[in-house]
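> Chains as they are written, first to last, in our numbering: chain A, 1 to 85; chain B, 1001 to 1520.
Hints in this document: simulated from the structure, not taken from any laboratory.
Any given hint might turn out to be false.
Claimed, not checked - Simulated restraints, written as ranges between beta carbons of each label pair:
1) A:Ile4 / B:Ala1045: 36 to 44 angstroms
2) B:Glu1377 / A:Gln6: 30 to 38 angstroms
3) B:Asp1383 / A:Ile4: 42 to 50 angstroms
4) A:Arg75 / B:Arg1013: 45 to 53 angstroms
5) B:Asp1419 / A:Gln20: 43 to 51 angstroms
6) B:Gln1118 / A:Ala65: 51 to 59 angstroms
Unchecked claim - Reference listing, derived: stretches of chain A covered by chain B, where coverage requires no fewer than 3 residues with Cβ under 8 angstroms from a Cβ of chain B:
7) 10-19
8) 22-30
9) 36-44
10) 63-76
The C-beta atom is built at its ideal place from N, Cα and C for all residues, glycine as well.
Now for the letters of each chain:
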Amino acid sequence: MQPIEQQLRQFVINNFLFGQGGDQLSNHDSFLEKGIVDSTGVLELVAFLEDQYRIKIEDEELIPANLDSIDSLIRFIEKKAQRTP
Amino acid sequence: MQLEQFLERSAGRFPEKIALVCGDRRLTYREIEEQCNRLAHGLIASGVQRGDRVAVYLDNSVEAALSIFAALKAGAVFLMINPTTKTEKLAYILNNCRATVLITHAKKLDALKDGLQQMPHLRNVIVAGTMIKAVESGAKRFVSLNDLLIEHDTSVGVPAKRCIDIDLAALIYTSGSTGNPKGVMMTHLNMVTAARSITQYLENTHDDIILSALPLSFDYGLYQVLMGFLAGATVILEPSFAYPQVILERLSSENVTGFPLVPTMAAILLQMKGLSPGRFPRLRYITNTAAALPPSHIERLRGLFPATRIYSMYGLTECKRVSYLPPDQLAIRPSSVGKAIPNTEVYIVDERGGRVGSGTVGELVVRGAHVMKGYWEKPEETDRVLKPGPLPGEKVLYTGDLFRMDGEGYLYFVGRKDDIIKTRGEKVSPKEVEAVLYTLSEVKEAAVVGVEDPILGQAIKAVLVLADGAALSERDVMRHCAARLEDFMVPKSVEFRSSLPKTTTGKISKRELGLPTGGR
């Protein structure tokens, strides 16, 4: 497992699944459809990403395509990291 | 008038107008009316009788809206269940009201499988989304919602009316003070009265486009559809407020005119950095209820939405809505929730039930045709809140909320008589959460309180004393709760103490926990 994927999975499992059920969470599962995050969950997730990866997330980027699964998070962070040298 | 006639009349007046938008689906009034008629005929053919309870356990969706009006057209009583409800509580609610039909989505079936066996009254499970084929399992019949629509595609006519307006239209379950939820009984007359009153002061017309991200299980969300259909407006349902950027895009692209909020949503919007004033010139009104907006948030909302009227409102499920503050009063008395809504009377009473004058704090009493019929099969709890009114046989609603009135008749919320928590706009009875905590054998004592939170209003906190030698982490406790309670009821924090303060009678004293309770 890549480090980013591992860190993201760990954060989601610890904070939204309370440490259990990680084996049932696949990387393409929609957090919304699975009922894993709500509006305050998204705020916590964004705070974690900004802090952990030293990125700044703009309002326009707060969309499901960027944030709603482990896969989309990985893509989003990699894209952001390329832009911030 | 009956509630489903909101749809039937608008379908007659504006058949080709868009009534409902969900995701990329757009349905006209004619389409909704026809599909509801088919589904209603399907329900009747499956044996639904006048007054039977039909439970709807779906996300905000086209199917959820169809289910409401189809159930009504079939003469049934509908109940909307929060889609994050766990199976155990779902079973409690369905058994409590002996629902015979459950309408849900295929993706929920897996989690439901075992629980369905604990619901003996349930005969039909109607499944939205993809289902392979109809099956019988035990005494239950599973049928696809789409199949029902196809099977009854010739029955587009309105089913013959089976009810009168003092029959029940809906049960709305709220967190109960004894630990179990209770069903608020609303008749057609109750709901028609409330919807007419609210659309009157909001001045809704068929030109309105209303966007709602509130769950339909929350009466505030449900009424957006009811009132939109009453006015012949367009209703846009969003499944969640989790991605506010998506909502804001939608507000622009759909030229939304009406936007209902709770304080948590307003707080999230105000956190967004790139929101510029005047971006939504078509937005005619924003409404807020469930808890008061902090004056600083009102100020900032007014700055961001200069062309928009902001309505502060107050209500409770037991009568839907009580009061609203006319927008022109917002700058003058920002902390007031206004005056009684049209066709409603309110007054404040002391402990003995005598009316008090302005400036004195007492319990708010509500009188009107929108006051519920009681809690489903809970006569004692009903008697505690519905008490004799001025006319023989009449009942008025004791809200349990403490208020004062100023010299001009405007209402100010002071506090609750009980310890109900308001979080994210939803009422949570601490007892319901404590009951779940006590199912942990490690827990010796539990106190659940609401603590001040800038986004949630109040955040749920559990304070626990563990049994001797027992070990439990905060995460263990949250996981246990998350498996049994709806999202908004799960404690946001857990604190362990060696003992809890007690009153002289030996009860846990939450006041002496020393926690800032917030709320308003």
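> Hint by hint, say whether it matches the structure.
Status of each hint after checking the structure:
no. : hint                                    : verdict
1   : A:Ile4 / B:Ala1045: 36 to 44 angstroms  : 54 angstroms, violated
2   : B:Glu1377 / A:Gln6: 30 to 38 angstroms  : 52 angstroms, violated
3   : B:Asp1383 / A:Ile4: 42 to 50 angstroms  : 59 angstroms, violated
4   : A:Arg75 / B:Arg1013: 45 to 53 angstroms : 48 angstroms, holds
5   : B:Asp1419 / A:Gln20: 43 to 51 angstroms : 31 angstroms, violated
6   : B:Gln1118 / A:Ala65: 51 to 59 angstroms : 39 angstroms, violated
7   : 10-19                                   : holds (count 4)
8   : 22-30                                   : violated (count 0)
9   : 36-44                                   : holds (count 7)
10  : 63-76                                   : holds (count 4)
Violation of the numbered hints given earlier is confined to hints 1, 2, 3, 5, 6, 8; the remaining hints are satisfied by the structure.
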